[in-house]
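Could you build all of it, start to finish, from the sequences and the hints given here?
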Amino acid sequence: MRLLIGLLFSFAVAAIVGLGLTQFALTRGTAFGAITIGAWTAWPKTGTSDIDPYARAAIARSGELPIGSGDGVAFFASTDDTGRPLDGRCMVTIAGTTPAARFWTLTLYDLDGRLVPNAADRYGFTSQEISRRADGTFGIVLAPRARPGNWLPTGGIDRYVVVLRLYDTPVGVATRTAKDAPMPAVTAGACA
Amino acid sequence: MIRWLLWLLGGLVLGGIVHLATVLLLPRTATQDAYARLAATAPVNGIVPLPAPTPDEALLPFMDPAFATAVCRYDLASGPLQLRVPVSQAYTSVSFYARSGVAYYAINDRAAGRRIIELDLMTTQQRAELPDDEEITAADRLIVESPTPTGLILIRTFGPEPGLMPMARRALASAQCRTQS
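Protein chains in written order, with the working numbering: chain A, -12 to 179; chain R, 45 to 225.
A portion of the hints provided could be inaccurate.
Unchecked claim - Partner residues are not named here, just some residues of chain R that face chain A (Cβ under 8 Å, in silico): (1) L52; (2) G54; (3) V62; (4) P71; (5) D77; (6) R81; (7) T98; (8) P109; (9) S139; (10) G145; (11) A147; (12) R154; (13) E205.
Bear in mind the hints are in silico, worked out from the structure with no lab data behind them.
Glycine residues also receive a C-beta, built at the ideal position from the N, C-alpha and C atoms.
In structure tokens form, the structure reads like this:
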């Protein structure tokens, strides 16, 4: 009898710990080989056959097709540079320069990977449509209400992710630091 | 007390095994992976354009709205596949995904180096069966080996601004994906 209870206890612990860890790993995106530069994180290996088992399980679960490494690389930011989660009710500026690439796109998604709904039907910018300063740097403002310049509407959504995709770029598995890939700063401002 | 600690320890070790096993087995049991999501819309060995993603509807999560996308769901059981993609003015890329969604190969217009991206897709076995003296090895055709007999090819063209999206979509219309006869 004591053996039975002990076994049941062990199995219960195993199920909770095992499945809990799996759930946690797959929803938090704990793939290996991440490059983190400021608020931005990319997993270039996820776009190759060298993809690790965690990323493999995560894409099978989400249904996402990761960008192939011969195509480009995607950087994700869900917080600002100080680590505070991005809030659609606040103003956030993305400013600076981007790593070498033929072009880039910047897109807003909710945490499940859906585009962020807004009245303007504007979900992102490409490097060819934004206005730049005289020195070639740029600033993009993410805010719930219209702003002058490069404005991306957040639709007042609670939490969101910004994805900066570089296409035809030398940035990849060999990239380590901000010197190889200067990413723009993500700064949170006033909240509505 | 000691006995319970031992049972707990046993449970934790077993939990670690359960965790590793589920992570490794999950890709095989997933019912909502990219291949399954596209199976309803995409015919086998043919090209179909995907609707542009909107907040309410997107076939796949995290699609880039600045691109026009078409997909070829392939099955190499009836022979190797021939892919022809004329490149658009802006940017064109072709990405290959195994049945599980692993991106095993991707090429863009500049790497292809000409106006048409042309390649043959086959399994390792089909490649081994290719006669050595065949023209195909002499010609500068690109041969891609698929790790699985089925999978997905994503053909994407860039629309630098919303007004240029129709042009990007038109560029996709002449892409071809078919079995060699």
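Now for the hints, and whether the structure bears them out:
1. A distance limit of 8 Å between C-beta atoms decides the matter here; for R/L52 the minimum to chain A is near 6 Å, and the interface restraint holds.
2. Because the beta carbon of R/G54 sits about 5 Å from the nearest beta carbon in chain A, less than 8 Å, this interface hint is met.
3. Interface restraint check for R/V62: the shortest CB-CB distance to chain A comes to about 3 Å, inside 8 Å, so the restraint holds.
4. Because the closest C-beta pair between R/P71 and chain A is about 4 Å apart, less than 8 Å, the hint holds.
5. For the restraint placing R/D77 at the interface with chain A, the shortest Cβ-Cβ distance is roughly 5 Å, inside the 8 Å limit, so the hint holds.
6. Of the supplied interface hints, the one on R/R81 holds, with its beta-carbon coming within about 5 Å of a beta-carbon of chain A, less than 8 Å.
7. Look at R/T98: its Cβ gets to within about 6 Å of chain A, closer than 8 Å, so that hint holds up.
8. Hint status for R/P109 relative to chain A: holds, with the closest Cβ pair at about 5 Å, below 8 Å.
9. For R/S139, the interface hint holds, since its Cβ comes within 8 Å of a Cβ in chain A; the closest pair sits about 4 Å apart.
10. With its C-beta approaching chain A no nearer than about 5 Å, R/G145 sits inside the 8 Å limit, and its interface hint holds.
11. Taking 8 Å as the C-beta contact cut-off toward chain A, the hint placing R/A147 at the interface holds, the least distance being around 4 Å.
12. The beta carbon of R/R154 comes within 6 Å of a beta carbon in chain A, closer than 8 Å, and the hint placing it at the interface holds.
13. Annotation: R/E205 was flagged as interfacial toward chain A, and the flag holds, the nearest CB pair being 5 Å apart, inside 8 Å.
No hint from the list above goes unmet by this structure.
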